Amino acid sequence: MTARATVGRWLLAGVLAVGAVALLVKPGGASKVLGLAMAAVAVTMLVRKDRTSATVLAVVLLGAAVAFLALFLTGNAQMIVDWYHR
Numbered sequence: 001m002t003a004r005a006t007v008g009r010w011l012l013a014g015v016l017a018v019g020a021v022a023l024l025v026k027p028g029g030a031s032k033v034l035g036l037a038m039a040a041v042a043v044t045m046l047v048r049k050d051r052t053s054a055t056v057l058a059v060v061l062l063g064a065a066v067a068f069l070a071l072f073l074t075g076n077a078q079m080i081v082d083w084y085h086r
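Residues 1 to 86, numbered by full-length UniProt numbering, are exactly what the sequence shown covers, in order.
Because the hints were derived from the structure by calculation, they are not lab data.
In this text, all values refer to a predicted model and were calculated from it rather than measured experimentally.
Cβ coordinates follow ideal geometry from the N, Cα and C atoms, glycine included.
Any given hint might turn out to be false.
To be verified - Derived DEER-like restraints, expressed as beta-carbon distance ranges:
id, residue 1, residue 2, range
1, Ala77, Thr6, 34 to 44 Å
2, Leu73, Ala40, 40 to 50 Å
3, Asp82, Arg9, 14 to 24 Å
4, Thr6, Val59, 15 to 25 Å
5, Val18, Leu69, 33 to 43 Å
6, Thr6, Lys32, 40 to 50 Å
7, Thr2, Gln78, 16 to 26 Å
8, Arg4, Val60, 20 to 30 Å
Could you build the full structure based on these sequences and the hints that come with them?
Take a look at the structure:
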């Protein structure tokens, strides 16, 4: 039972994390807010039972956020929109 619950928790958190990244890449302010909320829910979902899993997910989402921030600060923000439209 615990293995099935762990796999289910990882799958749901993974779907939330992928959705969060997709919304963060999508143009528009409302999608950014929803993406951040989904990312927070994904990390919080894993923190309750397994802090190591939550740390891994938080690091991956933080890495994506840092990459987007770097593109924005270097003037290559159009690349984010181009990735979304492919």
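Here is how each hint holds up against the structure:
1. Ala77 - Thr6: 34 to 44 Å: holds (38 Å)
2. Leu73 - Ala40: 40 to 50 Å: violated (23 Å)
3. Asp82 - Arg9: 14 to 24 Å: About 34 Å separates the Cβ atoms of Asp82 and Arg9, which means 14 to 24 Å is violated.
4. Thr6 - Val59: 15 to 25 Å: This hint holds: roughly 19 Å between Cβ atoms.
5. Val18 - Leu69: 33 to 43 Å: Because 19 Å falls outside the window, the suggested range is violated.
6. Thr6 - Lys32: 40 to 50 Å: violated (30 Å)
7. Thr2 - Gln78: 16 to 26 Å: violated (46 Å)
8. Arg4 - Val60: 20 to 30 Å: holds (24 Å)
Going down the numbered hints, you'll see the structure goes against 2, 3, 5, 6, 7, while the others check out.
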